[in-house]
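Enquirer: Given the coordinates of chain A, assemble chains B, C and D onto it according to the supplied hints.
Protein chains: 4
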Amino acid sequence: MIIHLKSNVNAEKAAQLAEKAKAVCFKRDNYFVLVTSSKVRALDAELEPHADAFYVTSSDIQLAGTEYMPQKRSFVLGKHPIGGEHKNTVMIAGPCSVESEEQIEQSAQLLKKLDISVLRAGCFKPRTSPYTFQGLGEEGLKLLAKMREKYGLKVITEVRDASHVDMVIDYTDIIQIGAKAMYDHGILRRCGKADKPVLLKRGFGTTLQEFVQCAEFVMSGGNENVALCERGIRTFETKTRFTLDLCGVAYLKEYTNLPVILDPSHAMGYRYGVADLTRACLAMGVDGLLIETHPNPMVAQSDAEQQLTHEQFTEMFHSLQPIAQAIGRKVV
Amino acid sequence: MIIHLKSNVNAEKAAQLAEKAKAVCFKRDNYFVLVTSSKVRALDAELEPHADAFYVTSSDIQLAGTEYMPQKRSFVLGKHPIGGEHKNTVMIAGPCSVESEEQIEQSAQLLKKLDISVLRAGCFKPRTSPYTFQGLGEEGLKLLAKMREKYGLKVITEVRDASHVDMVIDYTDIIQIGAKAMYDHGILRRCGKADKPVLLKRGFGTTLQEFVQCAEFVMSGGNENVALCERGIRTFETKTRFTLDLCGVAYLKEYTNLPVILDPSHAMGYRYGVADLTRACLAMGVDGLLIETHPNPMVAQSDAEQQLTHEQFTEMFHSLQPIAQAIGRKVV
Amino acid sequence: MIIHLKSNVNAEKAAQLAEKAKAVCFKRDNYFVLVTSSKVRALDAELEPHADAFYVTSSDIQLAGTEYMPQKRSFVLGKHPIGGEHKNTVMIAGPCSVESEEQIEQSAQLLKKLDISVLRAGCFKPRTSPYTFQGLGEEGLKLLAKMREKYGLKVITEVRDASHVDMVIDYTDIIQIGAKAMYDHGILRRCGKADKPVLLKRGFGTTLQEFVQCAEFVMSGGNENVALCERGIRTFETKTRFTLDLCGVAYLKEYTNLPVILDPSHAMGYRYGVADLTRACLAMGVDGLLIETHPNPMVAQSDAEQQLTHEQFTEMFHSLQPIAQAIGRKVV
Amino acid sequence: MIIHLKSNVNAEKAAQLAEKAKAVCFKRDNYFVLVTSSKVRALDAELEPHADAFYVTSSDIQLAGTEYMPQKRSFVLGKHPIGGEHKNTVMIAGPCSVESEEQIEQSAQLLKKLDISVLRAGCFKPRTSPYTFQGLGEEGLKLLAKMREKYGLKVITEVRDASHVDMVIDYTDIIQIGAKAMYDHGILRRCGKADKPVLLKRGFGTTLQEFVQCAEFVMSGGNENVALCERGIRTFETKTRFTLDLCGVAYLKEYTNLPVILDPSHAMGYRYGVADLTRACLAMGVDGLLIETHPNPMVAQSDAEQQLTHEQFTEMFHSLQPIAQAIGRKVV
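Protein chains in written order, with the working numbering: chain A, 17 to 348; chain B, 17 to 348; chain C, 17 to 348; chain D, 17 to 348.
Bound conformation, chain A alone (with noise of 0.2 Å):
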């Protein structure tokens, strides 16, 4: 159950309010706000004295459901609003990793070129193993920062794990939660205290009430400028590296009140498919597209198979605004 409290319940009410309901507590704009577990069906007599408002929802999907909002919620996310009744598709484009500033110059100058104005690449990889390349850390991070400077660009870039998460949150536009760290309680909290928005991505392995249910732990902390990303699950397939699950993201429209990106390059796995699936992707009517694209895919130290060349990104995005028109949207 959600509760909005009273204008006039302070911060030492509403904690004291929240322990004995044994809810979660945060503050929006004036008011505070209470959330229980949604097996809590009725309000509790102590409570009623202080309550504006309250929802019963049906899971723990609260924050982020249309039980409870049906309208979409709308934030900025780099230069544009998404979300609400904006029609704006956000373009978020650029390497899996930075590895130099040259390259990551270069990346930069496309975007300033095309008019795209969210600039991804990661600085703390996840990989897989410990024999690869990891990311530069926070010389990473001071090259995007340069780049925001210089370019006038927006970035995004991932957390790996708790143990950098200040640092992340610090440098960069939009906090980027990976797959492999979806479910990380010491990442999600930080967040929801946090005054940046945040990319949500949907763990391979994750259902999607399990995946809104995370982008709760960031929304009860007070942050609620949440979007999900889907971006692949793992499938008994394995031609290609991932499967992207465009009946997931139809769910989501329907039963959340959040933005959703997607991300067809890690879901793909080859720059074959990727132009395609981008076209699909932006059809479905979604608020922003994340796209990898490299200097040099064939030297890329990560993910070199499925960045596409500048070439075929300029390409591809020439072809999106005619779709993106024909279904009452626009490309930013």
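Watch out, some of these pointers could steer you wrong.
It does not matter which identical chain is used: a pair holds within one copy or between any two.
To be verified - Derived EDC-like pairs: lysine to aspartate or glutamate, alpha-carbon spacing no greater than 20 Å straight-line:
1) K255 / E226
2) K166 / E117
3) K346 / D60
4) K36 / E331
5) K129 / D68
Please keep in mind that the hints were generated in silico from the structure rather than gathered at the bench. Everything numeric in this text was worked out from a predicted model, so none of it was measured.
Expert: The following block gives chains B, C and D in isolation, referenced to the frame of chain A:
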């Protein structure tokens, strides 16, 4: 290995050579084609004088593969050519099952009104419980034939098992092999001798490799007019009925020469997501779409949850042509 | 709902009542049984005077479920009774395919030596490629029959599709329905009229619910002697051929009244793991084991990687009885 | 490639060589070990004079692989040596979560009574909803330490994320890395510097290759005492909580040198199947078993469905030793 025999090799000789080479043999135009295991990498000395050309392939995706034939195959599906240089995306629509003359006639009238040429509906339903509606059988086939006559439509219906494959082939214009029957040698081999195009659905537990190899059973029987239909695979996600595998579609487009058709209705399993998914499927650039729509889904005897109403279908259908145009295709 | 009609209801009357109730009808001993959809929760007034007893079930797992019949069903599999109060675990062994008389005779001799009573081998192979060995067909069935005569063995072999189901039923002692044919109504319905026990393998993409419901097709045809065989499901893990689902076996033991048989050979796909897995399967307390062993696996025409040599099989076989004893069972 | 440096190479020199070779470096006994990418196939000229031995491996399963070290590794888990030539199967038991002193003391007493040496219980629970019980945190760790003192037990508890990894390492005897934290570099790298054995659980969406590579993160940090724990993977089957992958266990036993521990409780998710599965796991011949049991499962704050009562656990426990004997092992 695929071997094109010289046109002066007669049937008897071809059969002899095939037996010797442990090859499958079929006639194409005025010459015979032999197909051995893909493990055969060099042309046998005895075959050499009789061979016009031979093709080595890296797996048993042979006749269907771009290694053998890089250009997309083309044939008429219903009334329109697909594949090859054609940019047609054929809409195939209708209810899950033929339930009554009144019902199927309403479906036929909807198609006529929207100028859609291929009517789908099942007569032999591969239900998973013996205690539910099993389809009208031959009575249903007769009703489909009646609609073909009365409304000038083409029809497609499913073979459930080998016991009635001849009957279905007699009545239908396009033979559908369903997901659960995809490995059925009795059906596959019989369809290899049929002179009607085959729509082969991917089993929901079937890898892409196995899927295309099942098409090889039909093709190596002599009927090369096979279209591959992705309809969702079974994964850990159960909020939706299946998971539509568009990454797999990208693979099929890249590595096979067969037309590809998509069935988002069965993948999704719920009406609410079908329109978005249909648009995404179309944006992938495929040769056909298979959509379930029923005059009154609430009383449908099978798949009641996923069939669009005629109003929903009509609205969705009218949104498709602009997307098709954006990618240089036409919905027919 | 399952309804036991009174024994004075004759065939004609039973058929009338069945049609009215949209029920499947079969004869058991001296009375008829009707099975309607499980959604029927109350006995129809018209049926009431003719019913001896009726059973409401929570899903279409009806005849096979413990809701209807809590005690394990029992019948003779080969030479030994399984299920019920019997604590027998029947060993079924032999090569993947009948390849030649010499080969299958060596297998028969191995079984004779180890006092194993049921010989397995395939004649109609459900291969996924048309360009590989497809089985010896009827010639193979004849060789199996010969081994039965000569060595006093019982034999089990697989039906691939409905086109040869009668032939297989004629020759075999136990009818095997393979994983790929598990949904084949042509086979299932024909087996429902056969008087030989059926070993039904779970499809590798099949849920437990669907699996047991396929057994209902056979049982509701009148042949209630069905054993369920788990042989591995398809998952994201590809280091092994399939994933043996012993959690699923625990479910089948708890919620169904059918004997359970395990096939670790196909699940594993590699010789090295088969012995450990066979011991684990036995320790689950099941009614049978199906193990592939070949006189010379290196030259086997199918499943060469997973068949044990006769030496490996013999060594493994001798390790089983102590485990069986530890859990109060006996390997026969 | 794994390189054993000569014992006269000091830390500074080893670090230099490691940097040059892009290798991970750790000290074992009196010499340093370098591990480069497995793609390095030939020993560098510069390394040659300093190398005692080197080992080429076919994938990044290096320190953990039988290619490098064919014999099973051995270390003490709790009070008993596992792996190597030891035939011990260590029973680890206790509730899902520490809930109160009274509850955990009842668990400790049960273990004492049955002469079981390792008590398991979680303090930082990786719940998927923020609105449920999250564990007692440090308070729970203190209760576990108290039980250790009072009952002479060893304890194992789980690290949820990197924010409390030091605290858990301080309190526990065996460090558990849970399925959802398996990719967490912050945890893995910290555990590589710990001097306590690590039980690494397989992520439910994790391939065997990735799983073992995660163990490599710990091992290449210098802590080679890692046990691999299979606890069920996520598949399409939802009648049971997960699918226990015993085929995968056969693979781990064949291709890695690490002890293997099995957790059937989480795989099954329901009490009714745990006893059968535990016996099957034991019959696989593994080094440990991890079983959930709770003094009163009905009121458990997490995993209420799958925890055995103390009576059920005791009965099951007494059935194990005969099976262990049958395969030449001992449950300790």
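Enquirer: For every hint, state whether the structure bears it out.
Expert: Here's how the hints hold up against the structure:
Taking the shortest Cα distances, K255 and E226 sit within 20 Å of each other only across copies (11 Å), while inside one copy they are farther apart (27 Å). Taking the shortest Cα distances, K166 and E117 sit within 20 Å of each other inside one copy (12 Å), while across copies they are farther apart (59 Å). In this homomeric assembly, K346 and D60 never come within 20 Å of each other (Cα to Cα): the closest approach is 46 Å inside a single copy and 54 Å across copies. With identical chains, the CA atoms of K36 and E331 are never at most 20 Å apart, being 58 Å at best within one copy and 40 Å at best between copies.
Taking the shortest alpha-carbon separations for K129 and D68, neither the intra-copy value of 50 Å nor the inter-copy value of 53 Å comes in at or below 20 Å.
Checked against the numbered hints listed earlier, the structure breaks hints 3, 4, 5; every other hint is satisfied.
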